[in-house]
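Participant: With the sequences and hints as input, model every part of the structure.
Protein sequence lines correspond, in order, to chains C and F.
For what it's worth, our numbering labels the leading residue of the first sequence as 125, then goes sequentially.
For what it's worth, our numbering labels the leading residue of the second sequence as 125, then goes sequentially.
All clues given are correct.
Identical chains blur together in the list; that is why a pair holds if it fits in one copy or across any two.
Heads up, simulated DSBU-like pairs for lysine-lysine below, C-alpha to C-alpha not over 30 Å straight-line:
1) K291 with K389
2) K233 with K127
3) K405 with K389
4) K289 with K389
5) K190 with K138
6) K311 with K454
7) K199 with K418
8) K321 with K291
9) K219 with K405
10) K138 with K180
11) K151 with K204
Please keep in mind that the hints were generated in silico from the structure rather than gathered at the bench.
Note that the structure is predicted; figures quoted are calculated from it, not measured.
Number of protein chains: 2
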Amino acid sequence: MNKVLTLAKRPVGKPALSDFNFIDETKPSPAEGEMLLEAAYVSVDPYMRGRMNDAKSYVPPFELNKPMEGAIVAKVAESKNPDFAAGDYVLGSLKWKQFQVSDGAGLRKVDAALAPLSAYLGILGMTGLTAYMGLSLIGKPQAGETLVVSGAAGAVGSVAGQIGKIKGCRVVGIAGSDEKVAQLTSKFGFDAGINYKTTDDMAAAIAEKCPEGVDVYFDNVAGEIADGVHQNMNRFGRIINCGAIANYNDTSAPTGPRVESMLIKKSVRMQGFIVFNYEDKYPEAIQQLARWLKQGSLESSETVVAGFENIPQAFLDLFAGRNNGKMVVKV
Amino acid sequence: MNKVLTLAKRPVGKPALSDFNFIDETKPSPAEGEMLLEAAYVSVDPYMRGRMNDAKSYVPPFELNKPMEGAIVAKVAESKNPDFAAGDYVLGSLKWKQFQVSDGAGLRKVDAALAPLSAYLGILGMTGLTAYMGLSLIGKPQAGETLVVSGAAGAVGSVAGQIGKIKGCRVVGIAGSDEKVAQLTSKFGFDAGINYKTTDDMAAAIAEKCPEGVDVYFDNVAGEIADGVHQNMNRFGRIINCGAIANYNDTSAPTGPRVESMLIKKSVRMQGFIVFNYEDKYPEAIQQLARWLKQGSLESSETVVAGFENIPQAFLDLFAGRNNGKMVVKV
Numbered sequence: 125m126n127k128v129l130t131l132a133k134r135p136v137g138k139p140a141l142s143d144f145n146f147i148d149e150t151k152p153s154p155a156e157g158e159m160l161l162e163a164a165y166v167s168v169d170p171y172m173r174g175r176m177n178d179a180k181s182y183v184p185p186f187e188l189n190k191p192m193e194g195a196i197v198a199k200v201a202e203s204k205n206p207d208f209a210a211g212d213y214v215l216g217s218l219k220w221k222q223f224q225v226s227d228g229a230g231l232r233k234v235d236a237a238l239a240p241l242s243a244y245l246g247i248l249g250m251t252g253l254t255a256y257m258g259l260s261l262i263g264k265p266q267a268g269e270t271l272v273v274s275g276a277a278g279a280v281g282s283v284a285g286q287i288g289k290i291k292g293c294r295v296v297g298i299a300g301s302d303e304k305v306a307q308l309t310s311k312f313g314f315d316a317g318i319n320y321k322t323t324d325d326m327a328a329a330i331a332e333k334c335p336e337g338v339d340v341y342f343d344n345v346a347g348e349i350a351d352g353v354h355q356n357m358n359r360f361g362r363i364i365n366c367g368a369i370a371n372y373n374d375t376s377a378p379t380g381p382r383v384e385s386m387l388i389k390k391s392v393r394m395q396g397f398i399v400f401n402y403e404d405k406y407p408e409a410i411q412q413l414a415r416w417l418k419q420g421s422l423e424s425s426e427t428v429v430a431g432f433e434n435i436p437q438a439f440l441d442l443f444a445g446r447n448n449g450k451m452v453v454k455v
Numbered sequence: 125m126n127k128v129l130t131l132a133k134r135p136v137g138k139p140a141l142s143d144f145n146f147i148d149e150t151k152p153s154p155a156e157g158e159m160l161l162e163a164a165y166v167s168v169d170p171y172m173r174g175r176m177n178d179a180k181s182y183v184p185p186f187e188l189n190k191p192m193e194g195a196i197v198a199k200v201a202e203s204k205n206p207d208f209a210a211g212d213y214v215l216g217s218l219k220w221k222q223f224q225v226s227d228g229a230g231l232r233k234v235d236a237a238l239a240p241l242s243a244y245l246g247i248l249g250m251t252g253l254t255a256y257m258g259l260s261l262i263g264k265p266q267a268g269e270t271l272v273v274s275g276a277a278g279a280v281g282s283v284a285g286q287i288g289k290i291k292g293c294r295v296v297g298i299a300g301s302d303e304k305v306a307q308l309t310s311k312f313g314f315d316a317g318i319n320y321k322t323t324d325d326m327a328a329a330i331a332e333k334c335p336e337g338v339d340v341y342f343d344n345v346a347g348e349i350a351d352g353v354h355q356n357m358n359r360f361g362r363i364i365n366c367g368a369i370a371n372y373n374d375t376s377a378p379t380g381p382r383v384e385s386m387l388i389k390k391s392v393r394m395q396g397f398i399v400f401n402y403e404d405k406y407p408e409a410i411q412q413l414a415r416w417l418k419q420g421s422l423e424s425s426e427t428v429v430a431g432f433e434n435i436p437q438a439f440l441d442l443f444a445g446r447n448n449g450k451m452v453v454k455v
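Facilitator: Below, the structure is given as structure tokens:
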């Protein structure tokens, strides 16, 4: 048997378990030039919420009653493709199926000896690359500047903050529990943390933790947290718009303070991006991240949930902030 | 006698004539090294509204019961400074007085033979430079791209749009009367214009006039006009935040649709600036603007109001859109 996870209906607002469906298919057989892949680690990511809508975005929507898909590390169970051998591990955008065949297009081998397999979905994968590209290409932090990161204990945020420390910045993180905030300083080496759930006045809290103002803001959340940071931006500040998880489940267009006057008064830049814009820079970035990881200047953070059948719940837990770092499902 | 215009009170919301006061002073005499200046042309600009508030911004607030100040072209009436001769014209940030003395610091001579004196307050002055810097350094328009300009018939907007045409863009302008919109195409060579006062659905109007979407948006106004343009931004679009006149008289923080999701989905950049950031580039920009002006690729647009006593009304008229291009007062 071959378990397959499909999109049963398009969520309105917050997704629910009933938006997903499990079906059973027969296990496929690879043709000449193909291989049989067995999912080992499945990535669940906030951006997938957007693909569940029937709306134009930077990636096409998931189709109803078809398998969802995303980054997966899979084991080559059987190979009729000369470029891959049984026992190899590969990374790529694959369907949410226990078993599937592939001709190898878009897949790359990963080295299980160099780093744990799940790292290729996190710190050496899309989330690590997202942090690296956003911070270094858009934020361009200089030594002595102050960097604020929201979603700071998350997969992207924890890496962005750590790279900020490597670059010589004062780094302040915003997260959603005292436990996560404690981890920011103890595990990731941030200078200070703010628990937004117990903070009434975010602008004042930022001002307190950032006495010299904010030069770079790595924004994973948008919403009211961002409003508070915006009020503390320094002249020539840079805002990296990486995510807006506060708004992903909104059913109407979210409103908030207009940003234009702040941008003008302080000559601030806000820039949105997706990691795929910088595919040509992946190899050098992965090398750099792996080097820092090996040197111990980067700590990886992940929540590993066991069982293919728990993918939907793991995905929903992202929006409740139940993950600690990169959320992956070990099949 | 020497008429002086002071700030009588800080406006709440929209400024009124009663916020200004005229006083009479005795005409000053220049000491050794100084000169007596007689105001010839006084610039009134929307940014001055911000300085009337007692709030921290990129320029300090005007002081109550002190003369307001801004860009002025003045005639040297009498000189005890060897660098300037009686009859010279100078440009600089000067007080709103008929006569004042200066030691010449911060002033530069302007050539009345090269361009009309008022041009040094407009197309060759701060507004022309603002259009030039914002468009070329932030917007970076490429031939074949679509540029939208709001406040398009204004001093900055009309120059921004014309530079867009010089760079080979499709240029669409937004202005506040049928007469101004007609002028965009007939006088300034824009490809199309939109009258926002007679447009219910700005997003649809932009979509119609910009069938290939918007690559660069030169925003002088913010507010609901900006919201409509934002919905039409192309991937890798650039928004130049030059002004937010829609919000300058607001007494509470203006709200509107949050921009983060748009910025991320389309990898769009929004960047605020003030022209003073680029002072080192003024000489080359003035040369380029003067060259285009001489070649006839740039049309200047200005509204000249006569009489020192009409400065307050000319300033108020900016917010009612009664000016056509750069508003200056001929003393």
